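Going down the list, the protein sequences come from chains G and X.
Taken in order, the first sequence gives residues 2 to 428; the numbers are from our numbering.
Taken in order, the second sequence gives residues 141 to 398; the numbers are from our numbering.
If you're looking for bench data, these hints aren't it; they were derived computationally from the structure.
Any given hint could be a false lead.
[Stated by the list, open to error] Which stretches of chain X does chain G cover? Using the computed rule of at least three CB atoms under 8 angstroms from a CB of chain G, they are:
no., segment
1, 233-241
2, 377-387
[What the hints assert, rightly or not] The following residues of chain G were derived to be distant from chain X, with all beta-carbon distances above 12 angstroms:
no., residue
3, Leu98
4, Gln102
5, Pro136
6, Asn262
Just so we're clear, the structure is a prediction, and the values are computed from it rather than from any experiment.
No residue lacks a Cβ here, since even glycine has one placed at the ideal position from N, Cα and C.
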Amino acid sequence: MTVPPGGEEADESWAVGDRDQEQLPFTALLEDSVEDLYENAPCGYLSTLMDGRIAKVNRTLLQWLGYRREELVGHKQFSDLLTIGGKLYHETHFSPLLRMQGEVSGVALELKAADGSRLPALVTSTVKKDGDGEPLLIRTTILDAHDRRAYERELLRARQEADHERERLQRLATTLQRTLIPPALEPVPGLEVAARYHFASADEVGGDFYDLFPLAPGRWGFFMGDVRGKGANAAVVTSLARYTLRAAAVSDPVPAAVLANLNTALNREFQEDEPRFCTVIFGLLTSEGEETGFHVVLAGGGHPPAVLLRADGSADHVPTPGGQLLGVVPDAHFTTATLELRPGDTLLLYTDGLTEARTPGLGGRYGDEALLDFARSLAPVPASGAVAALTDLLGSFGEGLDDDTALLAMGVPREHRDGEETGAGPR
Amino acid sequence: MSVTGRKDGPVVVLAHGFGCDQNLWRLVVPELEKHFRVVLFDHVGAGGSDVSAWSPERYSTLDGYVQDVIELCQELGLGPVTFVGHSVSSMIGVLAVVQEPGLFDKLVLLTPSPSYIDDGDYRGGFSEQDIDELLDSLDSNYLGWSATVAPVIMGNPDRPELGEELTNSFCRMDPEIARVFARVTFLSDNRADLSKVSVPTLVAESARDTLAPREVGAFVHRQIPGSELVTLDSTGHCPQLSAPQETAEAIIAFVQGS
Numbered sequence: 002m003t004v005p006p007g008g009e010e011a012d013e014s015w016a017v018g019d020r021d022q023e024q025l026p027f028t029a030l031l032e033d034s035v036e037d038l039y040e041n042a043p044c045g046y047l048s049t050l051m052d053g054r055i056a057k058v059n060r061t062l063l064q065w066l067g068y069r070r071e072e073l074v075g076h077k078q079f080s081d082l083l084t085i086g087g088k089l090y091h092e093t094h095f096s097p098l099l100r101m102q103g104e105v106s107g108v109a110l111e112l113k114a115a116d117g118s119r120l121p122a123l124v125t126s127t128v129k130k131d132g133d134g135e136p137l138l139i140r141t142t143i144l145d146a147h148d149r150r151a152y153e154r155e156l157l158r159a160r161q162e163a164d165h166e167r168e169r170l171q172r173l174a175t176t177l178q179r180t181l182i183p184p185a186l187e188p189v190p191g192l193e194v195a196a197r198y199h200f201a202s203a204d205e206v207g208g209d210f211y212d213l214f215p216l217a218p219g220r221w222g223f224f225m226g227d228v229r230g231k232g233a234n235a236a237v238v239t240s241l242a243r244y245t246l247r248a249a250a251v252s253d254p255v256p257a258a259v260l261a262n263l264n265t266a267l268n269r270e271f272q273e274d275e276p277r278f279c280t281v282i283f284g285l286l287t288s289e290g291e292e293t294g295f296h297v298v299l300a301g302g303g304h305p306p307a308v309l310l311r312a313d314g315s316a317d318h319v320p321t322p323g324g325q326l327l328g329v330v331p332d333a334h335f336t337t338a339t340l341e342l343r344p345g346d347t348l349l350l351y352t353d354g355l356t357e358a359r360t361p362g363l364g365g366r367y368g369d370e371a372l373l374d375f376a377r378s379l380a381p382v383p384a385s386g387a388v389a390a391l392t393d394l395l396g397s398f399g400e401g402l403d404d405d406t407a408l409l410a411m412g413v414p415r416e417h418r419d420g421e422e423t424g425a426g427p428r
Numbered sequence: 141m142s143v144t145g146r147k148d149g150p151v152v153v154l155a156h157g158f159g160c161d162q163n164l165w166r167l168v169v170p171e172l173e174k175h176f177r178v179v180l181f182d183h184v185g186a187g188g189s190d191v192s193a194w195s196p197e198r199y200s201t202l203d204g205y206v207q208d209v210i211e212l213c214q215e216l217g218l219g220p221v222t223f224v225g226h227s228v229s230s231m232i233g234v235l236a237v238v239q240e241p242g243l244f245d246k247l248v249l250l251t252p253s254p255s256y257i258d259d260g261d262y263r264g265g266f267s268e269q270d271i272d273e274l275l276d277s278l279d280s281n282y283l284g285w286s287a288t289v290a291p292v293i294m295g296n297p298d299r300p301e302l303g304e305e306l307t308n309s310f311c312r313m314d315p316e317i318a319r320v321f322a323r324v325t326f327l328s329d330n331r332a333d334l335s336k337v338s339v340p341t342l343v344a345e346s347a348r349d350t351l352a353p354r355e356v357g358a359f360v361h362r363q364i365p366g367s368e369l370v371t372l373d374s375t376g377h378c379p380q381l382s383a384p385q386e387t388a389e390a391i392i393a394f395v396q397g398s
């Protein structure tokens, strides 16, 4: 036989059972008077007039709060029992909601006991109406919420800690990122340089990197690379790639040799671990006089091709076909290309975050061809103009831009002599 | 925003205060619509407003709300309006009138308080510590977050029927926004602006209001030159809910009076 529910709803047939030892406690339940049930219920009961004055209160609540009945009934309002914060909340939220809905349930409020101590409570109120449907009084039940409140406090603290940790992580990632890309690029006489880094996530260090640095009088090295993956593991590779490229360029600045050097370092360094790959374009700039421009030698390893935007308004890829991903095989092959950067020409390097951006309108990814069309619409353009236009383009991708993206543009400013233009890049 | 009521009547704009939305006016609107063209709106961040338009920069002072009210009146293009502001919106109304008096015909301040904090002889009803306690409570999310607002904002996986019901209910507000709005509401001090109000003004206070006690109503009345004071026989900070008939009558009498 199942145990019946509480006294007032008990089934009569249970009471006439023939087993005396079961009948006895049940009779006691039946004698649990309504009055006693109200006064000594395991929750506080409170009835107030519509203006908030307390009309009736049960013994449980009086005991919890340490008041005598005559101190409350007819003398105090319900809101007088609340803390200041609770009072403000009651006036601005609880009371209006109760008026509009006829009931408010499970609101967390703090009650103030006679001795000044506080009782965290969950408060539920309903409006009782008279025969004509006019509001007559407000019935309120008050549940002790000590434990629940303590639990909520724990949750809140855990959330604050998580927020704090997240901020710390972001600060760390930002700081680390700053060590991986130069805060400002080395000025090169006769060359305008612009760069941009779009971070896909504030929580993780991105895998893209670039640099531009002096090698010898009239000679500079530059690179743009992309490490597979992101986060701490990628940062380790990025860091290694950056200092290896710079160091290698000093000893032997031939671009294909510089890449071979990095490839060896990657293969040696990460042999045991899961392999670490990156794509890189490394270039060597040699000044041919401030008004003439630069001779550029590029070597590419698996990286999207650079784009040359010429003074005559044309634009083309600078292909380095067959260049292999770095860090995969010990004897990787790298392809070299040369070009002349003349006044009005701009050379653009980028990472595949740009060309791989999702663009529903174009059916999938943005792509190399779309970028080339975009470049043709820009040319001729100075480096800063190219980076600004591409930054706007990145912005237009919105959510479609889900990877880190780096941009580096180098352009030879046009001469400021009247209408006179010198030749463009290679033909 | 909604515009209802008599097309040929004076335009009355009703602005809700902290804690709720335009639903707060629901008991007085039917009466007001008989006489006026009634404009209802939710402040940005409250009720059915476009929450994405909210930013902590714009709305961390009353000025963001004031600019919204000015823009709303300009966009209405219905000529000077009577602005009825409840609670913190009464001060939004005061500031809007001071900035653009030409947009306003009359001003009704329902349970106004220019400052909730006691200061020298001025009795706002609360000490700075009291307000800090409220803000602490809100900051720690107890009052707004764990209680009525949470199921609305967060959904209520255990009791979907509750979430559903509350979502279509009243006084929705993101706890983050509520916190900033509470700060603006209870820490603003606009006592010095009252004397700059240049349009006919009604101060309608509640006889028993713990947030804006009668001393505060008297102060507002004294500071605004030529203002009228009405004490509504109501309890609490929202007489438009607890004494809707009387509140509506007071507004009607004032707007129709010369």
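8 angstroms C-beta test of the segment 233-241 of chain X against chain G, three or more residues: With 0 residues close enough to chain G, the hint is violated.
Separation of Leu98/G from chain X, once the least beta-carbon distance is taken, above 12 angstroms: violated, 6 angstroms
Consistency of the no-contact label for Pro136/G, given chain X and a CB cut of 12 angstroms: violated, 10 angstroms
12 angstroms cut-off, C-beta based - Gln102/G kept clear of every residue in chain X: Per Cβ check, Gln102/G is inside 12 angstroms of chain X; nearest 7 angstroms; violated.
Coverage assertion for the segment 377-387 of chain X with respect to chain G, Cβ distance below 8 angstroms, three residues required: holds (count 4)
Nearest-CB test (12 angstroms) between chain X and Asn262/G: The assertion about Asn262/G holds, with a minimum of 50 angstroms to chain X.
In summary, the structure is inconsistent with hints 1, 3, 4 and 5 from the numbered list given earlier, while agreeing with the others.
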